[in-house]
Amino acid sequence: MTEVVDLAELAATAGLEQELDRLAKSQGIIRTRQLNQQETWTVLGAALTRELLSDPRLSNDVHTHAPHGALVPGMAVMLLEQDDPGHARNRRLVSAAFASRAVRQLEPRIVEITRQLLDGLGERGTADFIEEFTYPMPLEVICELLGVPAEDRDPFRKWAMDISAAPSVEAMQAAAVELFSYCIGLIGAKRERPTEDLLSELIVARFDDGSALSDAELSSFAAVLLIAGHDTVTNLLANALHDLLAHPEQLAALRRDPALVGAAVEEALRFRGSAMTTVNRVAREDIEAGGVTIRKGELVRFLLNAANRDTEVRADPHSFDIGRATAQHVAFGMGPHFCLGQRLARQEATIALTEILQRFSTLELAVPADEVRWLPSDAIRGLVELPLRYAR
Amino acid sequence: MKITVDDGLCDGLGQCALVAPEVFALDDDERLVVAPEPARELAGKVAAAARACPVRAISVEES
Ligand code: HEM
Ligand code: SF4
Numbered sequence: 354m355t356e357v358v359d360l361a362e363l364a365a366t367a368g369l370e371q372e373l374d375r376l377a378k379s380q381g382i383i384r385t386r387q388l389n390q391q392e393t394w395t396v397l398g399a400a401l402t403r404e405l406l407s408d409p410r411l412s413n414d415v416h417t418h419a420p421h422g423a424l425v426p427g428m429a430v431m432l433l434e435q436d437d438p439g440h441a442r443n444r445r446l447v448s449a450a451f452a453s454r455a456v457r458q459l460e461p462r463i464v465e466i467t468r469q470l471l472d473g474l475g476e477r478g479t480a481d482f483i484e485e486f487t488y489p490m491p492l493e494v495i496c497e498l499l500g501v502p503a504e505d506r507d508p509f510r511k512w513a514m515d516i517s518a519a520p521s522v523e524a525m526q527a528a529a530v531e532l533f534s535y536c537i538g539l540i541g542a543k544r545e546r547p548t549e550d551l552l553s554e555l556i557v558a559r560f561d562d563g564s565a566l567s568d569a570e571l572s573s574f575a576a577v578l579l580i581a582g583h584d585t586v587t588n589l590l591a592n593a594l595h596d597l598l599a600h601p602e603q604l605a606a607l608r609r610d611p612a613l614v615g616a617a618v619e620e621a622l623r624f625r626g627s628a629m630t631t632v633n634r635v636a637r638e639d640i641e642a643g644g645v646t647i648r649k650g651e652l653v654r655f656l657l658n659a660a661n662r663d664t665e666v667r668a669d670p671h672s673f674d675i676g677r678a679t680a681q682h683v684a685f686g687m688g689p690h691f692c693l694g695q696r697l698a699r700q701e702a703t704i705a706l707t708e709i710l711q712r713f714s715t716l717e718l719a720v721p722a723d724e725v726r727w728l729p730s731d732a733i734r735g736l737v738e739l740p741l742r743y744a745r
Numbered sequence: 005m006k007i008t009v010d011d012g013l014c015d016g017l018g019q020c021a022l023v024a025p026e027v028f029a030l031d032d033d034e035r036l037v038v039a040p041e042p043a044r045e046l047a048g049k050v051a052a053a054a055r056a057c058p059v060r061a062i063s064v065e066e067s
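Chains as they are written, first to last, in the working numbering: chain A, 354 to 745; chain B, 5 to 67.
Hints were generated in silico from the structure; no laboratory data involved.
Treat the hints with care, since some could be wrong.
[What the hints assert, rightly or not] Result set (DMTMM-like, lysine to aspartate or glutamate): computed pairs, CA atoms no more than 20 Å apart in a straight line:
#: 1; chain 1: B; residue 1: 49; chain 2: A; residue 2: 359
#: 2; chain 1: A; residue 1: 649; chain 2: A; residue 2: 436
#: 3; chain 1: B; residue 1: 49; chain 2: A; residue 2: 404
#: 4; chain 1: B; residue 1: 49; chain 2: B; residue 2: 10
#: 5; chain 1: B; residue 1: 49; chain 2: A; residue 2: 437
#: 6; chain 1: B; residue 1: 49; chain 2: B; residue 2: 65
#: 7; chain 1: A; residue 1: 649; chain 2: A; residue 2: 639
#: 8; chain 1: A; residue 1: 649; chain 2: A; residue 2: 404
#: 9; chain 1: A; residue 1: 378; chain 2: A; residue 2: 359
[Stated by the list, open to error] Derived contacts from chain A toward chain B, CB cut-off under 8 Å, selection only:
#: 10; residue: 445
#: 11; residue: 448
#: 12; residue: 674
#: 13; residue: 687
#: 14; residue: 688
#: 15; residue: 690
#: 16; residue: 691
Heads up, the beta-carbon is just placed ideally off N, CA and C, and yes, glycines get one too.
Could you put the whole structure together from the sequences, leaning on the hints where they help?
Structure follows, in structure tokens:
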């Protein structure tokens, strides 16, 4: 039989992308082992990814069809672990908050948060940019949007780390339970004292038939928005900075022409997106795909970072090139579960890169390139830390 | 085949256009443009595009 790959183990090495390429060349779909020791089919090829991400024979509702594939048993995650029609119904309720107009309105505040954090770094020095910037920046943005009080934010980093780069299943589930119970409390507090934010709006929002979200649903919504809305951006920003610094000619091109920032963000997403794998799907029936048979009840996930480096759709995919004609990448997924927050994420990344480059004319890795450490995660592609030397 | 898009729901995400570019496109303001009378052969693709829409804004009536 085919080999079973331990993605988290591979991800701890800088060579993950090259190794995935080697695997993808022989097979568009492989077997991988998850943290809870479950094996899943894992799609690598770009064509197969596009085809299967909108295939109704795959269900996101693992709680009903394959409970062992759930992120946390007994706790269905809003949107991500739901199928239509319930999924579309819930998504309609929040989509306005993430539409173009709403996101544009957030711009001045995101710039302000960014500048304040950069002010904290002073004129020059050496710092872990994840700790000092890429972690707090998106966390502040999403917390303000949702209405999470500043004094509550301390445990978020640990929860996010334990959920996306967990040392064990137990640690992951414990963090999810803590986050969830925090969110139940938060929803309770907002019910008593509504404030001007997305969570307070969701509490009073009504579906067409007049019904509302239950407290359990509201808490799950809050939890998914909080985690999906910050951890991904933190890691994308760090990856983008790392990859720009590792390719000085690309960084120089961006400094010469700051209008390339949008292209740089897209290339960063394609080259090393932070949402490395999607959540699990489960096959509702036998599916022939990529030369294998996925049996009814088996789990399937998508390794987006492999699809984005597929040699069949892109010339020279392992080179980081902000000038490349951007063939559509799938860093935000595709189809019904296409990232709800992609506009916000793109805007945050654009603002962050622009402001950082404007502020610091010197920016360099403070450790030898081969000493940079990667998260041992099968879900998130990211760095453990990003020590940089910087000066105005 | 009659295609209706609920403008109030459509979020301009373009997932439909990725699946059936012959029929769906976004203009510069992220507004969805639907080809007036798509060929019958495209029915399968149009149905797949409707399924790819995150908010299910597209409905299709067979004629
Ligand atoms: C660079 C940053 C981000 C990346 C790379 C990213 C990536 C993704 C991907 C790949 C999916 C689909 C997962 C799947 O199909 O299993 C997704 C879904 C989602 N994302 Fe993002 N995301 C980012 C930022 C955000 C932000 C800022 C938010 C804000 C709230 C957000 C909220 C969500 C939600 C709620 C879903 C579930 C959508 C659904 O199931 O309908 N994401 N994201
Ligand atoms: S996929 Fe749906 S929301 Fe997106 S552009 Fe098409 S109809 Fe509009």
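Hint by hint, here is what the structure shows:
1. B/49 with A/359: violated (36 Å)
2. A/649 with A/436: Measuring from Cα to Cα gives roughly 17 Å; hence the hint holds.
3. B/49 with A/404: Holds, at about 12 Å.
4. B/49 with B/10: Holds, at about 19 Å.
5. B/49 with A/437: Given pair residue 49 of chain B, residue 437 of chain A holds - Cα atoms ~19 Å apart, limit 20 Å.
6. B/49 with B/65: Since the Cα atoms of residue 49 of chain B and residue 65 of chain B sit roughly 14 Å apart, the hinted pair holds (cutoff 20 Å).
7. A/649 with A/639: holds (5 Å)
8. A/649 with A/404: Answer holds: residue 649 of chain A to residue 404 of chain A is near 18 Å, not above 20 Å.
9. A/378 with A/359: Within the cut-off at roughly 18 Å; holds.
10. 445: holds (5 Å)
11. 448: Constraint on residue 448 of chain A satisfied, holds at 5 Å.
12. 674: With Cβ-Cβ at 23 Å, over 8 Å, it is violated.
13. 687: holds (7 Å)
14. 688: holds (4 Å)
15. 690: holds (7 Å)
16. 691: holds (5 Å)
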